[in-house]
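J.: One letter stands for each residue in the lines below.
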Amino acid sequence: MSENSLQDEKVIVFQLNKEEYGVPVQQVGSIERMQHITRVPRTSEFVKGVINLRGVVTPIIDLRTRFNLEQVEYNESTRIIIVYIVDMEVGLIVDEANDVIDIPSEAIEPAPEVVGTVEVEYIRGVAKLEKRLLILLDLPKVLSFEEINELMTVEG
Amino acid sequence: MEMSQYLEVFIEESKEHLQTVNDSLLALEKNPQDLSIVNEIFRAAHTLKGMSATMGYQDLANLTHIMENVLDAVRNHQIEVDSNILDIVFDAVDDLEAMVTDISAGGSGERNVEVVVEKLKRIEQGEKPADVQHSNVDVTSQHNISVDEENASLPDTISDLDEFELTVLQESDERGFTNFQILVELREDCLLKAARVYMVFEVLEQIGEVIKSNPAVDQLEEENFDHTFSILIVSEESNEEIKNRIEKVSEIESVDVKEFSINQYQNNSQSNGQDFKSEQEVVPSDSEKELETTTSSVATMTPPQEKTEEPSTTKQQTSQNKTIRVNIERLDVLMNLFEELVIDRGRLEQISNDLDHTELEETVERMSRISGDLQNIILNMRMVPVEQVFNRFPRMVRQLARDLNKKVNLDISGAETELDRTVIDEIGDPLVHLIRNSLDHGIESPDHRVQQGKTDEGTLSLEAYHSGNHVFIEVSDDGGGINRDKVLDKAISNGVITQEQAKGLSNQQVFDLIMESGFSTADKVSDVSGRGVGLDVVKNTIESLGGTITIDSKLGEGSVFSIQLPLTLSIISVMLVEVQQEKYAIPLSSIIETAIVKKDDIMHAHNKKVIDFRGRVVPLVFLKDVLDVPVEEEEDYYSVVLVRKGDKTAGLVVDSFIGQQEVVLKSLGNYLTNVFAISGATILGDGQVALILDSNALIK
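Heads up: the sequence lines are chains D and X, in that order. Per numbering that gives the first Met the number 0, the first sequence starts with residue 0, numbered consecutively. Per numbering that gives the first Met the number 0, the second sequence starts with residue 0, numbered consecutively.
Keep in mind that a hint or two might mislead.
[Said to hold, decoys possible] Cβ-to-Cβ under 10 Å is the rule here; a few derived chain X residues that face chain D: (1) G49; (2) L330; (3) M382; (4) P384; (5) E386; (6) V630; (7) E634; (8) L667.
[Stated by the list, open to error] Calculated cross-link-like contacts (lysine to aspartate or glutamate; reagent style DMTMM-like; alpha-carbon spacing at most 20 Å): (9) X:K623 / D:D7; (10) D:K17 / D:E88; (11) X:K538 / X:D424; (12) D:K130 / D:E105; (13) X:K665 / D:D94; (14) X:K665 / D:E105; (15) D:K130 / D:E44; (16) X:K665 / X:E239; (17) X:K502 / X:E473.
[Stated by the list, open to error] Far from chain X, some chain D residues (derived; all Cβ distances over 12 Å): (18) N51; (19) D86; (20) E88; (21) N97.
Derived from the structure by calculation, the hints contain no laboratory data. A virtual CB, placed ideally from N, CA and C, is assigned to each residue, including glycine.
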């Protein structure tokens, strides 16, 4: 695995609060437009609900809420990025998603102590590409909340 | 060669063959004289051996081979079948099953089977099974299976020639043709065995006339043979010529051409075949006795007499059902895709209504009808006969009856009843439990039965049937029944109920007590049941499947355990309700009825809102509060859905009823687990997701 992290990466780039983030293209199933979300009562605040993704009931997480960012209205450019982690399928609501880029391994640096407003524990690293700065997310950590943490420790 | 792609097929087929062996062994126990059953077992075992050898599971192949030797000896009247011998063969089958299970779990199928191998070998050598059972097995000393016997199981000899074939052979002899017996061995790595067989036959047909082959041609075509087959042929050509011609076919390991002497064959078969024939003449008179159905079987050691079925029926069965195996996941994908189609169909219907275009309307109507039919087909594809589960019971009952020294006749009916695959997978264990329970606690010992004026053989019936949207499975016995007073005493002493409560209970309620946890009516813990796992587990499993179980019993006459199950778990009937802007589905199975209640009729008791519903005080649960639904306005009337959990009732307050609907049950996925009061989700016609309420969680 350590060797893999040294290789070039292809990532899907999305925007959140005017910053650019990246998730590995292998973990992304599709990018969807906003659609009706059915609220699921008594779940975490950042769980917006579930959608019907081609017959599969898929939970949706609002990344702004997850990262404690300011809430904005969903609009035409709002997207849901469907990601796969372990045996889970989850949609992430982001402001915009429209780019796929290759990141050379040497451009990736470990997460600095403070990056923007996103808590450092969700960040796998940052990539500097000329003038762009990409925050690479650690998806399993982004998705985990207490219950899942417990599950992981029991199983792992 | 890459074998993994065949592994799944191999495992499935091995299980089928083992099931055949199992069933046939049980049938053989009833009719030890019926050689067609032995042949049936032999065929299945032989195919299994071939398959496992090809797949490289040598242990599996070896054990099967040794088992075959015993069967062969039975077939050749060298040994007599009795329960003791069958016990050992059953042990071998158990080992084989364990090996296959191991393989399907990703193992190598290796297993220490020395003990059972030793026993089998001793039987084969004609030792009394009783000695075999009890002797100390010295594994190292016994390694001499004679070569003859080893070969006897291979299809290198032609036997069972009928009159017609004999006549043809005799005539050809007189006309100066020669009869040859040819043994062809294909190479181990031969891929298309049937194709090679075909090529060999084609060669032979050019030079003579094929009289018979072993295995039979249809078996060869289906590749139901190991690597060798033999052919009886009449030809003018010389021994060498035939051999050379066959060897031109590729992938052939060896060809052995021998002259076939009719005289010698007849001499040989006289000794063996004589009693074979005389038996065949004797048997039909027995068969006039009452014929039993194929599904019933005796699980006792009663001396077998009846001949159950014509040998031909087994052949018919194998060719009747042509099926292919489909991975259940693929069916799920198909189902999901289909739901997409249904959702789009809904949209199309909407559009065509709005446009009011005749041709479009007709097309959409047609499409709706076809997709409705498609839906039925897809749902039916997931249905499996309950036979799959019932199959293992004859064997289990036989063993249990022997262990408990009881005589039990197992009667199975309705095995063809179909259930959804998901239900089938879950129902096996509860049934095993109920059957064990019936055998252990229900059916009395033979002596005891006779004392009570019953026959010494008890009857355990297993029945499945459809009724409405449900499938019923009943396990009934004609045993001692449930002693009401004993149950009550126990319940009181265990603190399940009080003395006071005990008085007013109906029989039904008393019997239900035995399914409470920590309850067992057995006076002593036996080997079979009473291991601390009670009927409460059965009840829980069945209820988790959305089913119910009821007990009916008469003291001294027997008990009936009746299980009611939904046809499928993936589709349920729900009542759709609206709470403000949100739609929820409540399973119909938990709804008693619906009501409209005036705000003024609501009463307060212990700080809770309740209503008087047909004389009962029913607590109200306001869904909009429980589910944190954003509220806009209050109304003067409440729509209430009355739901039950056991004997408790509650009223769920909603804003409006939408109606009853069949929906496809979906899980919320692995991310959202244990959401309060939500048991799943479904997709509605407009493509939106509606959550399914778990009313059990709402009733305290």
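J.: Under the constraints set out in the numbered hints, which ones does this structure not fulfil?
T.: Going through the list in order, the structure violates hints 1, 2, 3, 4, 5, 6, 7, 9, 10, 13, 14, 15, 16, 17, 18, 19, 20 and respects the others.
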